[in-house]
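Engineer: Given these sequences and hints, build the entire structure.
The primary structure of each chain is shown beneath.
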Amino acid sequence: MSPALILQVAIGGILMGLLYAVVAAGLTLIFGLMNVVNFAHGALLMAAMYATWLIHRSTGLDPLLQLPLVAALLFGTGVAIYRVLIARTLQIRVNGAMVQIFTTFGLSIFLVGLAQLVFGSDFQSINASFLGGRTLAFGAVVLPLPLVASGVVSLLVFLALFRLSRTEFGRALEATREDFEAVALIGVDRDRIFGIGWGIGAAAVGIAGVLLANFYYISPDVGTNFALIAYVAVALGGFGSILGALIAGLVIGLTEALTALVVDPSLKQIGIFLIYLAVLMFRPRGLFGKL
Amino acid sequence: MKRIKRRTVLTAVGASVGVGFARRARAVEEVKIGAVFPLSGNAAAIGQDARHALETMAEIINGRHNIPMLLGEGGGLSGLGGAKVKLLFADSQNNPQIARSAAERFITQDGVVAVIGSYTSATAVTISQICNRYQIPYISADNSSPSLNRQGLEWFFRPSPTDIDFTKAMFDFFAAIGEKTGEKVQSIAIIHENSVFGSDSAKLQARMAEAAGIKVLANISYQANIPSLSVEAERLRAADADVVMPSSYTSDAILLMRAMHDAGYKPRAIMAQDAGFIDPAFIAAVGPLAEGLLSRSAFAIDAVKQRPAIPAVNALFRNSGANKDLNDLTARELTALQVLGDALNRAKSTNNMALRAALRATDIPGNQTIMPWAGVKFDETGQNIKGNPVILQYQKGQWRAVFPFEIATAAADWHIKR
Numbered sequence: 001m002s003p004a005l006i007l008q009v010a011i012g013g014i015l016m017g018l019l020y021a022v023v024a025a026g027l028t029l030i031f032g033l034m035n036v037v038n039f040a041h042g043a044l045l046m047a048a049m050y051a052t053w054l055i056h057r058s059t060g061l062d063p064l065l066q067l068p069l070v071a072a073l074l075f076g077t078g079v080a081i082y083r084v085l086i087a088r089t090l091q092i093r094v095n096g097a098m099v100q101i102f103t104t105f106g107l108s109i110f111l112v113g114l115a116q117l118v119f120g121s122d123f124q125s126i127n128a129s130f131l132g133g134r135t136l137a138f139g140a141v142v143l144p145l146p147l148v149a150s151g152v153v154s155l156l157v158f159l160a161l162f163r164l165s166r167t168e169f170g171r172a173l174e175a176t177r178e179d180f181e182a183v184a185l186i187g188v189d190r191d192r193i194f195g196i197g198w199g200i201g202a203a204a205v206g207i208a209g210v211l212l213a214n215f216y217y218i219s220p221d222v223g224t225n226f227a228l229i230a231y232v233a234v235a236l237g238g239f240g241s242i243l244g245a246l247i248a249g250l251v252i253g254l255t256e257a258l259t260a261l262v263v264d265p266s267l268k269q270i271g272i273f274l275i276y277l278a279v280l281m282f283r284p285r286g287l288f289g290k291l
Numbered sequence: 001m002k003r004i005k006r007r008t009v010l011t012a013v014g015a016s017v018g019v020g021f022a023r024r025a026r027a028v029e030e031v032k033i034g035a036v037f038p039l040s041g042n043a044a045a046i047g048q049d050a051r052h053a054l055e056t057m058a059e060i061i062n063g064r065h066n067i068p069m070l071l072g073e074g075g076g077l078s079g080l081g082g083a084k085v086k087l088l089f090a091d092s093q094n095n096p097q098i099a100r101s102a103a104e105r106f107i108t109q110d111g112v113v114a115v116i117g118s119y120t121s122a123t124a125v126t127i128s129q130i131c132n133r134y135q136i137p138y139i140s141a142d143n144s145s146p147s148l149n150r151q152g153l154e155w156f157f158r159p160s161p162t163d164i165d166f167t168k169a170m171f172d173f174f175a176a177i178g179e180k181t182g183e184k185v186q187s188i189a190i191i192h193e194n195s196v197f198g199s200d201s202a203k204l205q206a207r208m209a210e211a212a213g214i215k216v217l218a219n220i221s222y223q224a225n226i227p228s229l230s231v232e233a234e235r236l237r238a239a240d241a242d243v244v245m246p247s248s249y250t251s252d253a254i255l256l257m258r259a260m261h262d263a264g265y266k267p268r269a270i271m272a273q274d275a276g277f278i279d280p281a282f283i284a285a286v287g288p289l290a291e292g293l294l295s296r297s298a299f300a301i302d303a304v305k306q307r308p309a310i311p312a313v314n315a316l317f318r319n320s321g322a323n324k325d326l327n328d329l330t331a332r333e334l335t336a337l338q339v340l341g342d343a344l345n346r347a348k349s350t351n352n353m354a355l356r357a358a359l360r361a362t363d364i365p366g367n368q369t370i371m372p373w374a375g376v377k378f379d380e381t382g383q384n385i386k387g388n389p390v391i392l393q394y395q396k397g398q399w400r401a402v403f404p405f406e407i408a409t410a411a412a413d414w415h416i417k418r
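Protein chains in written order, with our numbering: chain A, 1 to 291; chain B, 1 to 418.
Hints were generated in silico from the structure; no laboratory data involved. For glycine and all other residues, C-beta sits at the position ideal for the given N, C-alpha and C. Don't take each hint at face value.
Here are a few chain B residues that face chain A, going by a calculated C-beta distance under 8 Å [stated by the list, open to error]: (1) G41; (2) E232; (3) I254; (4) D262; (5) A281; (6) G287.
Okay, the calculated beta carbon distance ranges per label pair [unchecked claim]: (7) B/R318 with A/A97: 23 to 33 Å; (8) A/L69 with B/G321: 44 to 54 Å; (9) B/G63 with A/L277: 32 to 42 Å.
Structural biologist: This is the structure:
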């Protein structure tokens with residue numbers, strides 16, 4: 001095993017990890033804000049990928065240029081999901097958590113079924129993009145350009161999310177998370193804050209969807225592959241922690257890649273779950289959790 | 001000896017006439033056949049195509065046609081007084097447990113005469129076992145794992161070749177093309193998904209490689225629908241074998257092909273174990289990367305000279321809503337229903353014992369089907385012994401039959417020399 005191979009695999013793992021982290025960031029944001037686990041997160045990723053594919057097919061707009069467009073689209077979708085569905089479940093006094101789980105789970109089944117109805121079950125893909133199929137070579141290390149670009153954009157997303165937490169809105173978000181009844185007293189509209197929180201969470205996963213559509217296949221079921229990893233990343237990084245999602249995503253991506261290099265690749269998720277178990281045993285709230 | 005009274009005899013005769021009459025009066029108008037396929041989930045594309053394929057064959061049997069093959073004239077099942085075939089579909093979601101309960105529901109609630117399935121071999125295991133328990137034939141249309149007909153089941157029938165036949169055809173091809181061009185295969189790298197299909201396929205390939213004196217430089221397994229196969233591609237590149245031999249479903253086939261490209265690796269030759277690599281969605285996704293790809297297949301759409309029914313059947317399939325040409329999987333699914341229809345005709349009954357006896361007596365010449373096989377004839381395990389596979393190569397945007405040389409429609413593009 002040459003050092004170049006190890007380096008290449010490690011960098012590839014880190015880049016993939018950044019993408020996992022962005023998917024997880026959206027999830028952890030929503031959870032941290034209002035203690036709702038969004039089981040439709042994978043379906044939102046799928047929706048973003050189909051949106052990218054559809055826009056590309058009808059206008060020829062390169063996926064990379066679609067980033068703001070699809071992010072805005074998903075932001076709107078997130079706000080709508082909150083207003084139409086989640087806000088109502090918050091009013092339920094008995095077994096509210098259960099209702100929220102079933103609501104988002106049902107939404108996921110609905111969205112996947114809708115995609116199959118509208119787009120059919122065939123695998124779709126974007127073949128002619130600016131980045132697609134290109135590689136970047138540093139000596140013996142060859143990296144696919146779409147993955148490099150997605151890594152860069154993912155970092156920017158995290159930068160934006162960290163900056164956001166320092167703004168007025170970020171403080172309102174934080175305050176609403178701490179005690180939404182108290183902030184209502186000082187005139188902060190809970191539904192508005194929560195709605196925007198859902199919007200940002202969905203926009204993050206929307207960006208991940210655009211980046212993925214550059215090199216990944218698109219099918220109604222595609223979200224499931226990433227949702228599981230996102231849930232693990234959120235639990236590993238600590239529920240509600242953006243920094244935790246970033247670190248956990250990186251740890252998962254790197255572990256997955258390096259495990260696949262030394263043991264049989266069918267066992268590559270073992271590394272991830274071993275770390276996850278260790279964290280659960282010694283630090284059950286996750287690496288950066290505040291619970 | 002007791003004398004049988006005349007009245008007793010008359011009563012008995014009358015009763016038997018009555019029974020016979022009653023049975024004729026209730027002659028079947030419809031024969032229900034259950035089809036279990038993944039209609040949603042990660043293999044939904046395959047399942048939806050299977051549905052179109054089976055519906056096409058049902059339409060051929062039920063309608064009026066003039067297709068030069070067995071049952072190609074239509075008019076219903078002649079052995080059952082022109083009864084129509086009625087297909088019932090269930091979604092397995094590609095989950096063995098769901099597949100099993102779907103098959104059980106078909107048998108106990110819908111009263112199907114047989115079950116057809118199921119794409120993935122993992123779901124075929126549970127379906128075939130439940131069918132065996134209820135003594136209803138399971139027609140394995142497109143499952144290729146060799147272990148399926150070795151379960152000791154009495155109600156299992158598979159018209160299609162298994163991965164043993166398919167894999168043997170690959171190594172036969174390696175030997176023949178090596179002989180012909182002087183470019184002999186000396187090493188292979190195997191990559192496979194780790195459920196029944198991929199593992200069985202890889203085991204066979206490793207064994208047959210050893211028997212042929214070919215080195216196995218890598219044998220990599222992965223879990224289906226994994227988010228990334230780039231490390232796997234790196235390991236293949238590091239192994240640098242003469243031929244890469246993947247056994248993958250569509251999603252992973254797309255990922256693997258792109259990952260190898262992204263790693264800057266172009267294998268000298270790829271010999272695929274069908275499945276995902278033959279899916280039109282795969283070709284659409286990877287485009288020119290598929291050029292030169294070899295795959296085993298049970299079907300050759302361009303063998304029109306030897307199988308004149310292909311154009312008409314393909315046209316019906318295209319118009320059934322599939323909007324694509326028949327491929328290896330859909331052709332096998334369609335043929336499975338043809339084999340079952342033929343058995344029902346000869347059984348002249350929907351009774352399970354009669355149907356099994358008829359299936360066991362099946363002997364269809366290859367030219368009465370659309371398949372390039374010698375024919376359909378089952379051994380005692382329910383496996384067709386006359387289903388010889390072909391090797392296809394994707395050349396200039398088309399799948400061409402390149403082996404066996406007798407039925408080849410194009411010469412193989414073969415350059416593995418270092």
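Engineer: The structure should be examined with respect to each hint, and the outcome stated for every one.
Structural biologist: Against the structure, the hints:
1. G41: holds (6 Å)
2. E232: holds (5 Å)
3. I254: holds (5 Å)
4. D262: This hint holds: B/D262 lies near chain A, its Cβ roughly 4 Å from the closest one there, short of 8 Å.
5. A281: Holds. Min distance 4 Å.
6. G287: holds (5 Å)
7. B/R318 with A/A97: 23 to 33 Å: violated (50 Å)
8. A/L69 with B/G321: 44 to 54 Å: violated (33 Å)
9. B/G63 with A/L277: 32 to 42 Å: violated (59 Å)
Taken one by one, the earlier hints fail for this structure at numbers 7, 8, 9, listed in ascending order.
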